[in-house]
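Protein sequence lines correspond, in order, to chains A and B.
1 is the number of the first residue of the first sequence in my numbering; add one for each residue after it.
1 is the number of the first residue of the second sequence in my numbering; add one for each residue after it.
Since the hints were made in silico from the structure, they are not lab data.
Every residue gets a Cβ at the ideal spot worked out from N, C-alpha and C, and that includes glycine.
A portion of the hints provided could be inaccurate.
Stated by the list, open to error - EDC-like cross-link-like pairs, simulated, lysine to aspartate or glutamate; straight-line CA separation at most 16 Å:
| hint | chain 1 | residue 1 | chain 2 | residue 2 |
| --- | --- | --- | --- | --- |
| 1 | B | Lys220 | B | Asp253 |
| 2 | A | Lys220 | A | Glu236 |
| 3 | B | Lys220 | A | Glu98 |
| 4 | B | Lys223 | A | Asp27 |
| 5 | A | Lys205 | B | Glu89 |
| 6 | B | Lys205 | A | Asp27 |
| 7 | B | Lys57 | B | Glu98 |
| 8 | B | Lys179 | B | Glu217 |
| 9 | B | Lys220 | A | Asp246 |
| 10 | A | Lys220 | B | Asp253 |
| 11 | A | Lys310 | B | Glu307 |
| 12 | A | Lys220 | B | Asp27 |
| 13 | B | Lys310 | A | Asp253 |
| 14 | B | Lys109 | B | Glu89 |
| 15 | B | Lys109 | A | Glu254 |
| 16 | B | Lys220 | A | Asp27 |
| 17 | A | Lys223 | B | Glu38 |
| 18 | B | Lys223 | A | Glu65 |
| 19 | A | Lys310 | B | Asp253 |
| 20 | B | Lys220 | A | Glu38 |
| 21 | B | Lys223 | A | Glu307 |
To be verified - Label pairs and their computed distance ranges (CB to CB):
| hint | chain 1 | residue 1 | chain 2 | residue 2 | range |
| --- | --- | --- | --- | --- | --- |
| 22 | B | Glu236 | A | Leu371 | 50 to 60 Å |
| 23 | B | Ala297 | A | Val108 | 34 to 44 Å |
| 24 | B | Arg235 | A | Leu289 | 35 to 45 Å |
| 25 | B | Ala297 | A | Leu274 | 54 to 64 Å |
2 protein chains.
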Amino acid sequence: MLIQDVRNCAINIADFGVTDLNELKWDLNHLPPVDVGEYIANLSRKQRAIAFRLLNKNRAIDVFEYLPPDVQEQLINSLHDVQVAQILEAMSPDERAELFDELPASVVKRLLHSLSPQQRQVTATILGYPEGTAGRVMTTEYVRLQEGLTVREVLNKIRSQDEDKETIYYAYVTDDNRKLVSVVSLRQLLFSYPDALLRDIAAAKVIRASTDTPGREVAKIMKRYDLIALPVVDREERLVGIVTIDDVVDILDEEATEEIQKLAGVTGGDEPALCSPRVTLRKRLPWLLGNIGLYIAAASAIAPFQEVIKVVPVLAIIMPILANSSGNVAFQVLSVTVRGLGLGEVTPKDTMTLLRKELTAGLGTAVGLGLALATLSMMWSPPNERWVSLVAGTVMAANVLIAVTLGTLLPMGLKRLNLDPALISGPLMTTTLDAVGFMTFLSLISFALQLFA
Amino acid sequence: MLIQDVRNCAINIADFGVTDLNELKWDLNHLPPVDVGEYIANLSRKQRAIAFRLLNKNRAIDVFEYLPPDVQEQLINSLHDVQVAQILEAMSPDERAELFDELPASVVKRLLHSLSPQQRQVTATILGYPEGTAGRVMTTEYVRLQEGLTVREVLNKIRSQDEDKETIYYAYVTDDNRKLVSVVSLRQLLFSYPDALLRDIAAAKVIRASTDTPGREVAKIMKRYDLIALPVVDREERLVGIVTIDDVVDILDEEATEEIQKLAGVTGGDEPALCSPRVTLRKRLPWLLGNIGLYIAAASAIAPFQEVIKVVPVLAIIMPILANSSGNVAFQVLSVTVRGLGLGEVTPKDTMTLLRKELTAGLGTAVGLGLALATLSMMWSPPNERWVSLVAGTVMAANVLIAVTLGTLLPMGLKRLNLDPALISGPLMTTTLDAVGFMTFLSLISFALQLFA
């Protein structure tokens, strides 16, 4: 079935009346859980509870994990406590931790009590790690083995496990102290003789993360080594969980969203497209006002030159072009540098290599834009003010080189200080460049005017 | 071993002299292929060939796939033809297609001839699909089964396959015409009775892509359904390949890079941080010059007003702030909308919902920025020009609402036309907004001046 067909099915269910309950029930229990989740999320509150009760027990758990947090919360409130307890108990620990993160503390407290002691402890442990770390996104459901087994015994052991383990494609070998010793893939197990010893086929060099490894670092490691699961160890090198590839895909998307939005001046870089206008305003307005505040510096730089502008009004045309163009250059450099850092293409130790490249290309840009602005202002100036175009072209060229230098060095510097390189957003750079450009430009012009006068 | 340790090892090899050849050989054959690849890529041309010859045959193939295209090409030229043929023959078809993509046509022709007829055909087929489609990134190495088998037979069949198959975690069932019928996961196989029939456990609803499905769509499907492999079918619904999760991770990164860089006005959105300055210049300068060309429109809008500026020089201070702030608003909206479309959070059918949200938040922004600009220009104006601040505040507010509307509608419109929403880059928007803002502002001021005169 093509994805379009799946989608169509999902839409068709939406058209069913309650008379088609049996058909609806079949669909709800057989279509992919993510589609069913989307369908249920789009229903009214009342319909949601009805649809959800049509799900078989295991299905209900699968679908529940795909629901958005607000719908999960509503269902928790409208389902029987026993059913809620069943679902929560069976959820994968990382999804459960994510849900608890979103719920009010009082609800979490009540729900934690409904869990078995084991699951309660697991959840508390995961919630104990800081947000955005491997400890927080890991799941505690994985296959753990002891060294002495044969391949046959391992396969039987995997078969006897709960089918719920998030991935069975890797199994991890630990010693008596739960320290991570080696790893074996299901592929290796299948291609080995049943009587071979685990210790002879398992790889002793296990690539791993620790509980406090940042999510983006986890993603980079898994991408680099083409892993579909990465073991997570605590400070004592004891195995405590695994991060699976589906989490990595989410982390990569979140990281990229953060980079794009932060570069554009959206605070936090985590605004969903369809959030409430209040959230939008909170994430954007303070930043805009702060930037206007900063612009006072740029404007104050012009204010003393009002007399100059009176004498040479063509300046009012040239200055916006100067500002706009050097701002564009800054945005281009920032986007390439910040993204390069995000992807791990470059690290702070490449600063000088990158700067050299940017300055070389920047020279070409400086000449190109300088000539363009000089020509344009030549056309607009009255004959006795043509000398202004020379100054305009020169300042434009200089401003391009400043833009290129700052656009490379600032994110690199932030990264070296272990700060977020995307903190330098494009608009902040353009404001700074405006201030510098205007001040230089107007000073030079007024100096020249005095010289001629 | 922690990732740091792995890295350290990789660095240590670099310090080895040729006297440590045995130790180097051990490392080269036991460290992760990606690390060995990085090490070899950083060697001199001569050292590279030596190091590469120290690799065992299967190792050489693994490592070769991780080398950058220019290093691959150099090695192809410096290794014996027989060895090159062996490596190429054993490479996974998608990696081989990627390599051939980068090589000069004459070299590709020669290399194609060195392949076995089967591999030659596979490569030609993949290269026949357009860039960026599922057909181009898929691999043709997967496990294909016929319906009549039992679980035991299937497992034995998987075991008898070449260990090279890119993923054995899913097996695909096809009919006599090679049409895709159902899918079974290795997990399902392991948890089923050995005598169970394949047709009873395989899922008949197979989520699939066709050869011309765009890469970003493939990534979305696999992310949505948490798949680690996705089957690809041709127009006749025949199974022709699979896309694996490691390709998806790469696609997501490329997509995000494209969005960020295109928004910032980098043509193509695919500039690597460390490319040659010539590439940088080619990707950025034409766009900058084009934008200056566009700015002529904005500037021409001001040119006729030179007299007005002579009379009210505070305008030269207000106008850059007006331009800068509405540009910032546009960048924020664009980043959220383009990213939302990229992630699939919103589709063109959400246009009105999104516009409503943006306009509601935009009203708050308009009031905030309008008041800020009015207050500032009040402070800078001489007493008899205080009325200018009223106009400034009003135009600022209006410009914010225009920015918000365009920033939502333009990318949505492009997407609806099946074009790339990131085509509307931020700087293009800011130039347009400058033109509109300046024209309105100066027209109103000169109208007011005439009224008072």
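Status of the hints after comparison with the structure:
no., hint, result
1, B/Lys220 - B/Asp253, "holds (13 Å)"
2, A/Lys220 - A/Glu236, "violated (23 Å)"
3, B/Lys220 - A/Glu98, "violated (22 Å)"
4, B/Lys223 - A/Asp27, "violated (22 Å)"
5, A/Lys205 - B/Glu89, "violated (29 Å)"
6, B/Lys205 - A/Asp27, "holds (12 Å)"
7, B/Lys57 - B/Glu98, "violated (21 Å)"
8, B/Lys179 - B/Glu217, "violated (22 Å)"
9, B/Lys220 - A/Asp246, "holds (12 Å)"
10, A/Lys220 - B/Asp253, "holds (11 Å)"
11, A/Lys310 - B/Glu307, "holds (9 Å)"
12, A/Lys220 - B/Asp27, "violated (23 Å)"
13, B/Lys310 - A/Asp253, "violated (51 Å)"
14, B/Lys109 - B/Glu89, "holds (15 Å)"
15, B/Lys109 - A/Glu254, "violated (42 Å)"
16, B/Lys220 - A/Asp27, "violated (23 Å)"
17, A/Lys223 - B/Glu38, "holds (14 Å)"
18, B/Lys223 - A/Glu65, "holds (15 Å)"
19, A/Lys310 - B/Asp253, "violated (51 Å)"
20, B/Lys220 - A/Glu38, "holds (15 Å)"
21, B/Lys223 - A/Glu307, "violated (61 Å)"
22, B/Glu236 - A/Leu371: 50 to 60 Å, "holds (58 Å)"
23, B/Ala297 - A/Val108: 34 to 44 Å, "violated (57 Å)"
24, B/Arg235 - A/Leu289: 35 to 45 Å, "violated (56 Å)"
25, B/Ala297 - A/Leu274: 54 to 64 Å, "violated (34 Å)"
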